[in-house]
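K.L.:
Each chain, written out:
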Amino acid sequence: MNASSFRIQLLVLSALAAVAIGLFLAPETVTVPIRTSVRDAVLPGHRAVEWGVDNVQTAALRFRNSGADPVEIDSPITLIENERLLSRRLRLENARLRQQLKQRQRIGVSPYRTGEKVPLLLDDLVSATVFGKETALLWKSGVLIDQGRNAGLREADIVLRDNGPIVDRGADAQLATGFPVFAGRCVFGRVSHVGRWTSTIQPVTDRKFRGHAQLVRKTGKGYVFGGEGVLEGDGDSQCRLTLIAAEEPVAVGDGVYTASRKTAFPFPMYYGKVTRAELPPGASHWQITVAPAIGDIQPQTVQILRKRINPERLRESGSESQP
Amino acid sequence: MKHVCLAITTYAALVLQTGWSARLTAGDILPVFLPLMIVVAIFGLKGPAALVWAAVIGLLGDCLTAEPLGIEMLCALSVTFVAGRMLADRTVGSSSRLPSLRLFVLVTFLTVESMLIVSTAARVLLTGRTVSAASLLSATSASAAYSTLIALAVYLFAKLLARILPFGRSAPRTQSSATWN
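Here the protein sequences line up with chains A and B, keeping their order. Numbering-wise (the working numbering), the first sequence opens with residue 50 and increments by one. Numbering-wise (the working numbering), the second sequence opens with residue 25 and increments by one.
Careful, some of the hints might be misleading.
Said to hold, decoys possible - Covered by chain B, according to a simulated footprint, are these stretches of chain A (three or more residues, beta-carbon under 8 Å):
#1 132-140
#2 274-280
#3 333-344
To be verified - Which chain B residues stay away from chain A? Per the calculated CB distances, all over 12 Å, these:
#4 HIS27
#5 LEU38
#6 TRP44
#7 LEU84
#8 LEU88
#9 ARG109
#10 ALA112
#11 PHE128
#12 LEU130
#13 PHE133
#14 SER138
#15 ALA146
#16 LEU150
#17 ALA157
#18 TYR179
#19 LEU185
What the hints assert, rightly or not - Part of the chain B face toward chain A, derived, beta carbon under 7 Å:
#20 GLY43
#21 GLY68
#22 ALA73
#23 LEU75
#24 CYS87
#25 MET97
Calculated from the structure, these hints are not laboratory results. All C-beta atoms in this analysis are idealised placements derived from N, C-alpha and C, irrespective of residue type, glycine included.
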């Protein structure tokens, strides 16, 4: 080996090693922009891959259906799925209207006209890309993209406890622990830990997940809201619905939705379907198994329901306090 | 041209690592793609260029983690330097641009395994956790073996292309030649 070439290599090695050590010791003001730039740079690649995969799937579907007019004939699976979603929406609307009617019949309509209501809390949805699960799995939950020093959590705790999906939104998007996470009209889980730029999600099937839930069941008069209970994950792929009293009617196939009065969800969102309902002799509550709507789906994008204080209410309280 | 190709494939490896490696798991075994790019740098580039690319790839790996930057970068530099020294006197006798199958598999496995062991051990120490050597070794070996298999598939495909396409061949070298001068 040429001695001068070897010296050059050693020089380059030393310089790069010094850069590495410098980065290791560098403060976050230096390292954070580098991390952010790399993560931002990866997103176009992910979108390009998703776009390519979608196009390939569409082309494959078209090829399978070739010979038929694509405008007239839709995939049977798509048709069934659309009908199922429509049916679910109508069921829910039916149950909600029935409940409102019952309530009005019981308590009557107020004779007094109320003023316009300005809510204290506003809801808005933040779209997030499920991004970090792979990285978290990479080191057997030994790695997070960023858990944020400000959260006051040690990386090891999160790493050991939380294998949930990671999304690319964090404190920079004003997220907080407990915010619900949806995938379409289905409940995906809730935000469990918030970092500076990313957050981890606790899916509904997580052993520690708990959520208020309500049955929606079909009766002779249509769909009605049934008993309210608590949905908990079994740590595997299913959920359990607990605290449904024995006197409540439950049947396999009943829908399980969020109990909108008790949860952060402004509208009932879909958890899943009852797949098993047993009432052991002498038991005071049902043993109900729920198949989550999310199932094995790993959505690339989720929506996080964020709550923030209505600025109009702040302005009102500010003007009222002035003499 | 080589650097452009390496940049594109490194970006692809980064996208695969962050978005697709979970979908390619075999049971609990997760493949890694960025360390494979270090192997490409070892075989495809000469001395300082290989070191620079190894540093860049290591830094990219660091950016995907929560630990301080520099750990994987240092690992990548060390592994690349050592591998380059060991390959320095390799004789290239064939007309192919690709290394021999045995050498490729050996270097790939050892490179990925070394990267995984060193960086995982460094992370574990930094976060104050403890992990048994046996479980560390088994997890990293499984991941390294799986990743090597993926790399082998790509290698065989490249070899097939090299046989079919004319630019895959180079003139036979008449004297021992080294990747590292």
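K.L.:
Hint by hint, note whether the structure agrees.
P.N.:
Quick rundown of the hints versus the structure:
no., hint, result
1, 132-140, "violated (count 0)"
2, 274-280, "violated (count 0)"
3, 333-344, "violated (count 0)"
4, HIS27, "15 Å, holds"
5, LEU38, "6 Å, violated"
6, TRP44, "7 Å, violated"
7, LEU84, "6 Å, violated"
8, LEU88, "5 Å, violated"
9, ARG109, "9 Å, violated"
10, ALA112, "6 Å, violated"
11, PHE128, "22 Å, holds"
12, LEU130, "21 Å, holds"
13, PHE133, "18 Å, holds"
14, SER138, "16 Å, holds"
15, ALA146, "10 Å, violated"
16, LEU150, "9 Å, violated"
17, ALA157, "15 Å, holds"
18, TYR179, "23 Å, holds"
19, LEU185, "21 Å, holds"
20, GLY43, "5 Å, holds"
21, GLY68, "16 Å, violated"
22, ALA73, "9 Å, violated"
23, LEU75, "5 Å, holds"
24, CYS87, "4 Å, holds"
25, MET97, "4 Å, holds"
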